[in-house]
Each structure stands twice: as structure tokens, then as C-alpha cells.
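Make the full structure from the sequences, and use the hints.
Given next are the chains, with one letter for each unit.
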Amino acid sequence: MNDSQSLETATTSIQAPSGVPDPKTRRYDRQLRLWAASGQAALESARILVIPATATATSILKNLVLPGLGHFTLMDDGAVTGADAGNNFFLDGFFSIGKSRAEEAVKGLLEMNDGVEGVADVRDIQEVLKSDKGWLKTFDVVIAHNVDSNVLNDLAALLWPETHLVVVNSAGFLAEFSIHYREHQVIESHSETSASLRIDQAFPALLEYAMSLPLDTMDITDHAHIPYPVILVRALEEWRREREQVTSPSSSTGSPRTTVEKKVFKERIRAMMRKFDEENFEEAEAQAFKCWTPTIIPIEVKELFALYSSSTSLPPSASTFPALISALANFVQNNPASPRYPSGLLPLTLSLPDMKSSTEEYVKLQKMYRAQSEKEKQVFKDYLSREQVDADDVTIDAFLKNSHALKVLKGNEWKDVDPGSKELLLDKLSTHPKETATHLALAAARRLGAKDVLSSFKSSSGPNDATMAENLDKNKLKDLLTAEAMTFLPPGTELPETEWRIVSGEIARAPSADLPTTAAFLGGLVAQEVIKMITKQYIPISAGNAASSANDQLGICVVDLVETWTGIL
Amino acid sequence: MVNVQGNQDWEGRYYHIDQILDAPGPRTDEGFMAGDDVKDFLRNQAKILVIGAGGLGCEILANLALTGFKDIHVIDMDTIDISNLNRQFLFRQKDVGKSKAIVAAEFIMKTRARSQGDAVSIGLAFLLQIISSGEFLRYFGKIQDKDDDYYLQFNLVICGLDSVEARRWINATLVNLVDSENPESLKPLIDGGTEGFKGQARVILPTITSCYECSLDMLNKPTAFPICTIANTPRLPEHCIEWASVLEWPRVHGDKKMDTDNPDDISWLYAVAASRANEFNIEGVTWSLTQGVVKNIIPAIASTNAIIAASCCNEAFKIATSSAAYLNNYFMLIGVEGVYSYTFEHEKKGNCPVCGGESVSLSISREMVLEELIELLTERQDIQIKNPSLSTPTKQLYLRAPLQLEEATRPNLLKKMSELIPDGGEVTVTAGTLPFSLSLDISFT
Amino acid sequence: MIKIWSMKKNEEAAGKKKPKTSAAQIRVQKDLTELDLPSTMKTYFHDPADLLNFTLTITPDEGMYKGGAFNFSFAINSNYPHDPPKVKCTQTIYHPNVDLEGNVCLNILREDWKPVLNLNAVMVGLQYLFLEPNTDDPLNKEAAQEMSKNRDEFVMHVKSSMRGANIKGVQYTSVISQ
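Residue numbers (full-length UniProt numbering), protein chains in the order written: chain X, 1 to 569; chain Z, 1 to 445; chain G, 1 to 178.
Hint data in this document are derived by calculation from the structure and do not stem from the laboratory.
In silico lysine to aspartate or glutamate, EDC-like type, Cα no more than 20 Å apart, as pairs: (1) X:Lys-24 - Z:Asp-261; (2) G:Lys-141 - X:Glu-361; (3) X:Lys-410 - Z:Glu-337; (4) G:Lys-3 - X:Glu-563; (5) Z:Lys-395 - Z:Asp-423; (6) X:Lys-434 - Z:Glu-345; (7) Z:Lys-47 - Z:Asp-36; (8) G:Lys-86 - Z:Glu-248; (9) G:Lys-86 - G:Glu-111; (10) X:Lys-536 - X:Glu-192; (11) G:Lys-141 - X:Asp-277; (12) X:Lys-478 - X:Glu-497.
Spelled out as C-alpha cells, the structure:
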């Protein structure tokens with residue numbers, strides 16, 4: 001439902017008068033149904049740098065070029081080898097051998113979508129890090145695949161925090177990636193939880209309408225078409241008034257609490273039926289839990305109020321998000337749904353689900369909700385105007401519509417060996433041994449790569465059975481991996497034996513293999529997360545909620561394609 | 001039909017893949033033949049069938065080609081639409097309207113030799129056969145009399161389909177293909193599917209693991225609205241659109257079939273739906289929503305397809321080479337919130353209509369009449385059926401009820417079994433006492 | 001290739017050979033031969049060899065539709081029971097839940113269909129419509145309104161429509177059972 005509604009807003013603006021969408025809209029139809037015109041516009045204005053032109057790197061780019069990324073630069077100073085021509089679909093096979101890897105790959109990638117700008121950069125990234133720092137910072141996202149630790153250190157330090165860095169590592173059937181950002185705000189989270197209908201705190205017009213219906217005397221057909229929110233509001237109000245007479249006045253805002261009270265309440269709804277099979281009352285009975293599910297402000301949203309009121313340390317950003325949150329906090333503090341209720345609520349949104357009802361009654365209810373939400377939106381806008389930011393109506397509407405599902409994620413800065421996360425890794429080693437061992441093995445391999453150790457363990461091709469020398473090499477490589485892995489952990493840590501034997505064995509088997517299927521799998525996963533970052537829709541991987549003080553996530557996604565699983569650390 | 005042979009393996013071509021094929025890893029089966037044997041099987045012998053050349057199919061074909069499979073067959077009955085271009089990366093604007101199978105296969109073959117101009121004459125890396133739309137349709141239409149030999153020639157089948165019906169069909173076909181006398185008859189089926197940010201990949205070993213039919217109840221049903229709501233109490237824009245397509249179209253156009261691929265038909269529905277929405281004060285009917293509802297459009301993006309197709313091909317590679325353990329047996333991905341996935345063993349369903357029923361071999365006299373066979377079934381201790389109904393794949397033998405069908409099949413009771421079925425023929429038995437059905441494998445003495 | 005066959009040999013179920021009959025067809029055979037219908041419902045097969053297309057006749061023995069014989073066509077496709085059977089009334093009848101084109105509003109035929117349901121459930125559901133027409137969610141709105149506002153006139157119209165009368169410009173099918 002959410003998807004089709006956002007599409008609706010997305011497509012009305014670009015529709016030709018006849019209704020038939022233009023060719024571009026038709027081309028992107030299947031993705032516009034997910035991220036709408038706003039997401040598409042964000043994607044089309046994004047600039048991405050990818051280093052270097054490996055099979056994995058071009059697979060990631062493929063999934064960004066197809067949906068219509070704005071610009072990409074592919075940086076690689078190397079020439080195509082026979083091995084590259086064999087595992088990279090975007091090279092021209094045998095005929096690319098010897099030519100620039102970046103140029104050949106860009107050619108292959110651009111063929112797929114002429115709406116995308118793509119540039120091959122044949123410079124060495126180490127040179128660029130010295131000579132063209134400013135240029136590197138013009139990108140929104142930089143993606144690095146199997147880039148060694150030294151280069152990553154420099155790159156990470158330069159880009160943090162304005163440009164997001166995506167670090168991708170893979171060897172054979174194993175892979176991992178992480179996205180490095182300070183904070184990521186999501187308005188359109190596409191949450192599956194819907195906003196409250198406020199049955200327990202009905203706004204005055206709804207309450208008045210519910211109480212005005214002559215339930216016993218109205219037309220029997222009309223009676224069978226009263227929408228269930230109206231029935232629930234009526235039943236709850238009557239229940240409250242009865243309780244008020246026998247108990248304390250405070251019960252005027254109470255709801256059935258005990259199992260017995262809830263059961264009796266449902267029977268009350270049943271007793272309101274005038275015929276045995278009125279489906280709207282059956283629906284009301286089934287939805288009765290809405291009477292005792294209090295309309296509250298989700299804890300995550302509450303935490304955001306605190307986060308943005310206290311965080312004067314945040315750099316001033318072009319984003320209107322903090323202002324919107326501040327206005328929302330003001331709204332919540334100062335606007336109870338009606339004088340009867342003590343606490344404030346999030347602004348009402350117009351998201352009425354379908355229900356058993358006549359068209360007239362449904363549209364009437366929809367109008368009541370709309371009028372109230374318009375009213376509350378005006379109040380919100382008054383608060384927002386004090387924040388002295390310019391936010392257009394589209395943004396405000398999207399913000400209010402999603403105010404119950406706002407998300408602010410935190411990330412971390414990339415560090416090769418992070419002393420601060422040693423204890424956390426130790427912890428993860430006991431709670432997630434497979435995932436953590438995989439991460440450690442890949443990180444260790446990356447460090448060996450930086451030390452130029454890995455390249456001496458080239459896998460030879462040919463003989464049926466591995467030679468003695470090869471076996472020795474493999475065992476030596478496993479030992480080196482173990483030694484490197486220990487540098488990520490507190491001294492004296494023991495690696496989980498079985499898991500470590502498996503992951504180090506996997507790396508030793510294929511230390512420099514960029515397998516086409518692993519590349520394609522990663523290509524999909526990484527592109528998907530990058531699209532979420534760029535569009536600021538849906539929820540990318542993270543190290544947790546920004547407002548939460550817990551630091552129990554590394555924000556790394558790990559992949560094992562032997563047993564075929566993914567995991568998050 | 002395009003049929004190109006050739007082989008052109010340049011030096012270092014399989015540098016990456018060979019790291020896996022030259023030596024076993026920690027999770028490799030003992031039967032793995034590292035080195036030349038496995039490479040020879042993968043590159044010169046393995047024959048793989050890809051069903052579907054759409055969102056998943058394009059990715060599958062590219063991955064298989066890079067992995068080293070050289071005998072790849074592809075079936076697809078569809079033609080290319082502009083809305084495919086956001087993810088089906090073997091197709092270009094100029095290909096709109098052409099056969100997906102043909103364009104995809106040609107692309108895969110030529111991509112390895114683009115700069116030579118004449119792809120065929122230089123000899124290609126891949127042998128591909130293309131079965132174009134008509135043929136698939138023919139196979140598809142007549143399930144009962146299709147030829148098993150076609151499927152027997154493959155080692156593996158990968159499915160990237162969006163249709164439940166086609167999947168049920170290929171699944172049943174491969175389960176039925178399994179012949180206890182012939183080990184080669186067991187064809188692993190790898191099935192992938194995506195929807196927006198979600199997807200799944202699974203490995204089906206027919207008759208050994210759970211099959212597609214076993215998990216049919218896991219499927220999400222497409223939204224359907226009560227017809228009375230559509231007719232009289234529309235509340236959502238979708239209700240107005242269904243009114244136009246379900247009720248108004250047949251009323252106005254009679255037997256003329258709606259073509260949801262024809263923009264004119266969508267425009268007609270949109271206009272009708274919009275005016276109804278206007279009449280009922282309902283907002284939100286758009287051309288795109290109209291198209292989405294009547295075509296039951298499922299959002300589809302390149303990235304999800306890439307993940308699922310990669311997983312399918314990775315399993316195909318591991319199964320074909322025994323180079324590493326493979327998925328057992330279901331991988332589910334949900335990418336809406338972070339990267340969430342779940343790998344589990346989907347269990348075989350005992351009463352699955354395709355792979356769950358019992359099968360019994362019976363050797364009977366040619367002279368035995370159907371009535372006697374039924375008696376035999378009810379009396380046999382190991383079967384113990386009450387009131388069975390029997391049929392063959394092509395006709396009913398004896399149906400217990402309703403009366404009209406009983407009367408129509410009653411004359412068969414006195415016929416000799418050899419008149420009713422061929423030697424080695426199959427009889428399907430249903431009865432209230434059976435969980436689903438029993439299959440009889442009948443031979444004559 | 002992995003040695004699947006050796007795995008198969010270890011399976012208890014080794015050596016099963018499956019029927020070529022499609023799952024849909026076996027299900028229909030099972031559904032039909034295990035129907036448990038009252039005497040007020042009968043199936044008729046135009047071609048007894050084709051189990052996927054047939055007619056159901058309902059002759060209610062009580063209620064206001066008593067005395068009529070109502071025909072419904074059933075069309076089952078090869079995706080059954082994933083897809084529900086397509087059911088239409090082949091006569092023009094005056095009924096709150098059946099429109100003049102023969103469309104039927106019965107939840108289990110559309111929004112509430114599940115593969116665990118069977119033909120028996122659909123048939124029983126159809127018969128119920130003649131015993132207890134539902135006026136809250138009608139398909140023929142006029143009929144429903146009349147039924148709830150002016151029951152006597154509604155019953156009269158039902159009776160005359162069943163005899164094949166022309167009411168307000170609509171020619172109804174004579175459905176009086178012989």
C-alpha cells in the first residue's frame with residue numbers, strides 16, 4: 001500500500017495529459033514503484049567513485065547504472081589481464097587484454113544506460129590521494145574493493161565524514177562489506193508499521209460523530225456499514241462513561257486492561273450488532289485491541305528529540321532534518337490530541353486502511369481524518385517556521401506521514417585495526433563465531449595484501465592434486481592469517497577452532513579469487529545498500545540507532561557462499 | 001535457432017575459478033576430482049537449462065558463462081518491453097519487441113567477441129541453443145504428452161520465473177522424471193524469485209528434498225478484492241480499477257480479451273476507473289496504478305535480481321563441480337531493513353501432491369479386469385484403500401462419484417487392464433483414506 | 001557433479017516413481033470423487049472425460065428460491081488449487097449476490113480463497129446464498145435494497161423472475177425446476 005501511494009504522488013507530476021507515462025517513466029517503472037520520483041531524482045544526481053575495476057567493482061556499478069545513477073568514475077591504473085577478461089562481464093573478453101582496465105570496463109558499463117555519465121580514470125589512487133584530494137571529496141560515495149589497508153587508511157581519513165566510504169573485501173566464497181558514515185537520516189523508511197488511528201484518543205470531530213449516530217434506530221443497511229474505527233470510538237467512550245460513574249474520574253481516558261475487561265469489551269461490541277452477521281462489527285471486534293493499544297510516541301522517535309536538542313556539536317548541515325525534529329518535539333510537547341488527554345501525540349496522518357464500509361461512510365471518515373491532520377499540520381508548520389529553515393510542502397508531508405517511523409542511524413569511521421573495537425570483536429567472537437571468524441579472516445587477508453605477502457601465494461593452475469609445496473604454502477598462509485587476525489583482538493584471545501579452521505582454509509584455498517558469482521552477489525548487496533544511502537529511503541546497514549548509547553554493532557555485513565548465508569556484525 | 005560451436009580459452013582466463021577447482025577447501029566433499037577432471041566436466045560436458053531470460057535469467061546467463069559453463073540452453077516465451085531495461089541488462093532500447101531468449105543468448109555469445117565483428121566465424125566460447133517462444137508454449141501447453149528426453153539431456157535446471165504456474169509445472173516434470181533405474185534421471189532444480197528488495201533462492205533435489213509444491217502455501221497471494229465491494233462500495237482507487245477491468249471490460253467489450261500490454265487498453269481502463277473514482281469522491285487513480293493493478297506488477301530492481309541470480313549460479317557451480325558444500329536448501333533475503341537473510345532447510349511435505357504420494361509397483365496378469373485390480377487394492381495389507389478412484393495421466397478409469405462419472409466409467413470395470421493401459425503404464429489412485437494419492441506402476445506378467 | 005544418486009540410495013523413499021498426472025488434476029479427481037453434497041445439488045459434465053469444466057445445479061428446497069433450478073458453470077485451470085475455480089451463474093437471475101452478468105459475490109471465490117479449500121466448500125457456499133441472501137454486501141444493489149426495505153415485494157419479484165418474467169426492462173431466465 002505504502003509503495004503504491006508513493007508512486008501515485010511520484011507519477012502524477014510527470015504524467016502526460018493522456019495518462020500514458022513518458023518513455024523514461026516507463027523504463028524505470030518497476031523501481032519507481034519502490035522509491036518513487038524523489039528517490040529517482042536523488043539517484044540521478046549522485047556521484048560515485050569506484051576503485052579499482054575488478055569484477056566485483058563492475059558488478060556493483062552495473063546495479064547502479066541500470067537504475068540510472070547520475071555519475072560514476074571508475075579508477076584503475078592497470079591493464080586488462082587474461083584473468084580479468086575471464087571474470088569480468090563488462091570487459092570485451094579476449095579483445096580487452098592489454099588495454100586500460102578502467103576504460104574497457106566503463107565502455108561496457110555505459111552500454112546499458114545512456115542516461116548515465118561514466119568516466120574512466122587511469123591514475124593510481126595513491127598518486128591521487130597525494131595530488132587531488134579536493135577532487136576525491138566531490139563524490140557522494142566512494143566504493144573500494146579489495147583495496148589494501150594503507151590506501152584505505154589514507155582514503156578513510158580524507159573522506160570522513162562528508163563522503164561515505166564503502167569498503168568491500170572478498171576472497172573465493174567469502175566476502176564482507178561495510179559503509180562508513182557518521183549519521184544517516186531516513187524519513188521514508190517504508191516501515192511496515194502503520195501510524196495510529198488514535199482510537200484511544202479520538203479527536204473531537206471523530207468522537208462527536210461516533211456519539212451522534214442513532215445506533216438503535218438508524219437504517220439497518222447503514223448500521224451494517226459504519227466503519228470500525230467509529231464503532232470502536234463509540235464503544236470505548238460508552239465504556240469510559242459507565243466506568244466514570246462507578247469509579248474515579250481518571251477512568252475517562254482509561255481502556256480495558258485485564259483479560260476479563262477485554263473479553264467483556266469485545267462482548268459489548270458484539271451486543272451492538274442488530275443482525276447476527278454484520279461484518280463491520282465483526283471487524284470492530286477483531287480490531288478491539290486498538291482500544292487498549294495506547295497511541296504513543298515510539299521510543300526511537302522520542303530519542304531523536306533528545307539527540308537533536310542536545311547535539312549542538314553536530315556540524316551545521318544543509319539538511320532540514322534537525323529543524324523538522326525540533327518542530328516535531330515542540331508539537332508533541334504542546335499539543336495533546338484534546339484537552340482530555342495529558343500527553344501530546346505525533347501529528348495525525350491520513351493513512352486510513354481499507355475496511356468494511358459503504359463508500360459514503362468511508363469517504364466521510366477519510367474527510368474527518370484529513371481535516372484534523374490538516375489542522376495539526378498547520379500547527380506543526382507554525383513551529384517549523386520558528387526554526388528558520390526552508391522546507392517545502394513535499395518534504396513536510398513526507399516527514400509527517402512517516403513521523404512514527406523516522407530513523408537516524410549511526411555509522412563509524414573506517415579503521416584498519418581499531419583498538420576501540422577489540423573488546424567488541426571478542427564479544428562477537430563468542431556470540432557470532434562464524435560471522436566474526438569470516439570477518440577476521442578477510443581483514444587479515446587484506447593486511448597481508450598490504451604487506452605484499454598475499455601475492456606470493458599465487459594459486460597455480462594445472463596438476464590434478466596439490467603438490468607438497470602448495471600444501472606447505474597453504475599451511476604457511478593459514479599461519480600468517482592467524483597471526484594477523486590476532487592483531488584485531490585483545491592479547492591472548494583464542495580463535496574458535498572449527499570456525500577458524502574453515503575460514504582460514506577457505507582463504508588459503510582461493511586467496512586472490514574474485515569469483516564471478518561472489519562478485520555478482522556482492523554487486524547486488526552493495527549496490528542495494530548504496531541506493532538506500534543515496535535515496536535516503538529504506539534502511540541501510542548501520543552500527544545502530546544514532547540516539548542509542550549502546551555500541552554493540554560493528555556495522556559489517558558478512559557473506560559465506562558455501563553454506564549460503566549473510567550475517568551482520 | 002542459433003547453434004554455435006567453438007572454444008577459445010585464452011591464458012589465465014580461469015585464473016579465479018581455478019583457485020577453487022585446483023584444490024579442495026575445508027568444506028569440500030571427498031568425491032571432488034580437483035584439477036583437469038572437474039574442469040573438463042564443467043567446460044566440456046555439463047549441460048544446463050535456464051528457464052526464463054528475464055530479470056533473473058539475464059543475470060543467470062552472464063554468471064554461468066563467466067563461471068565456465070559452455071553448454072547453456074535458454075527458454076523464454078516473452079518479448080522485450082521497455083520496462084525490462086532497468087534491470088534486464090542484456091537488452092537495449094533497440095531490442096524492444098524482440099524475443100528475450102534470442103537476444104539474451106546472442107548477447108552472451110557475442111560479448112566475448114564483440115570487436116571481431118563477425119562473431120560466428122571466429123568461433124565462440126559458448127554453445128547455446130535457443131528454443132524460441134513457440135516451442136516453449138507447445139511444451140507448456142501439453143504437459144501430459146511432452147517428451148521427457150528433452151529434459152533428460154541436461155545435468156541441471158535453473159529457473160528464474162515470475163509465474164507460479166510455470167514453476168509448478170517444471171517442478172512436477174523434474175520430480176516425475178526421476179526413474180529408479182536411471183541415476184542420470186535426477187536433475188537438480190535451482191529456483192530463484194524476487195520481489196522488490198526481497199528474494200529467495202533454493203535447491204531442489206527432486207524426490208530427495210522438499211519440492212516447489214511442498215512450499216506452495218508459503219506464497220503470498222495476490223491481493224483480491226470482494227466483487228461486491230468493487231461493484232457497489234468502492235473505497236480505494238484499486239477498487240475503481242478492478243471495477244473497470246473485472247466488470248466493465250467484459251460488459252462493454254464482450255468476449256474481446258483485454259491485453260494488459262497494450263497501452264490503449266490500459267488507457268481505456270484508466271479513463272473508466274478515473275471517472276468512477278470521481279463519481280465516488282475517491283482519490284488516487286493514476287495510469288501507473290491502473291497498470292500496476294491489472295497487470296499485478298511486482299516491483300523489480302537490478303540489485304535484488306543480481307543477488308538471487310548469483311546465489312542460484314553459485315549453487316549450480318558447486319553442485320556441478322562438487323567443489324564445495326551447497327545450499328541446504330532455502331535462502332531467503334529481505335533487504336528492506338539492513339541486510340537480513342535466513343538460510344534453512346525447508347522440509348519435505350508428506351502429503352505433497354507432487355513428491356509426497358506413495359508409489360507401488362504391481363505386476364498383474366494381462367487378463368485381470370479393472371474390478372479385480374480394485375479388489376486387490378482394497379484387500380492388500382500394505383495398501384488398504386477404501387473406495388478408490390483411478391485414472392491414468394490421460395483418462396479416467398473408474399471414478400466412484402459423482403453418479404454421472406461413475407456411470408460413465410462403470411463399463412471399464414469389466415475391461416482387461418491390458419486394454420486400458422500399456423505395459424509399464426501408470427495409474428493414479430485417490431481415496432478418502434489416502435493423505436493425497438497413490439501411484440501404481442503396472443506391469444503385466 | 002555431486003553424487004546425488006548415492007544420497008538417494010540412502011533415502012528410505014528410494015525408488016519412487018511419480019505419476020505423470022498433474023497435481024491439479026489429481027486434486028480435482030480427489031475433490032470430485034469425495035464430494036459430499038445434499039440432494040439439492042447436482043453436477044453435470046458435458047464431457048465426462050473433462051473434469052475441469054462442468055455445471056452445478058442447485059435446487060433449493062427451502063427459502064424464497066425454492067422451486068428453482070440454478071445453474072453455475074465451473075472452470076478449473078491447471079494452476080488449481082493455487083487459483084480458485086472460476087464460477088458463473090449461466091442464467092439471468094434476480095438475487096442480491098449475483099449480478100445480471102452472472103458474477104457471484106462469494107468470499108471464498110476471490111479474496112478468501114485458500115488452496116486448502118475444495119470444490120465442496122465452494123458448492124456449499126453457493127447453496128447458502130440461496131437460503132440466506134446477504135443484503136449488506138450486495139452485487140445486485142437494487143435487489144438487496146428491495147429485500148431489506150420491502151421484503152414482500154422482493155419475494156414477489158423473485159418468484160416472477162424465476163418464472164421468466166420481464167421486470168423493469170430485464171428479461172429473467174425461467175428457472176422453474178421440472
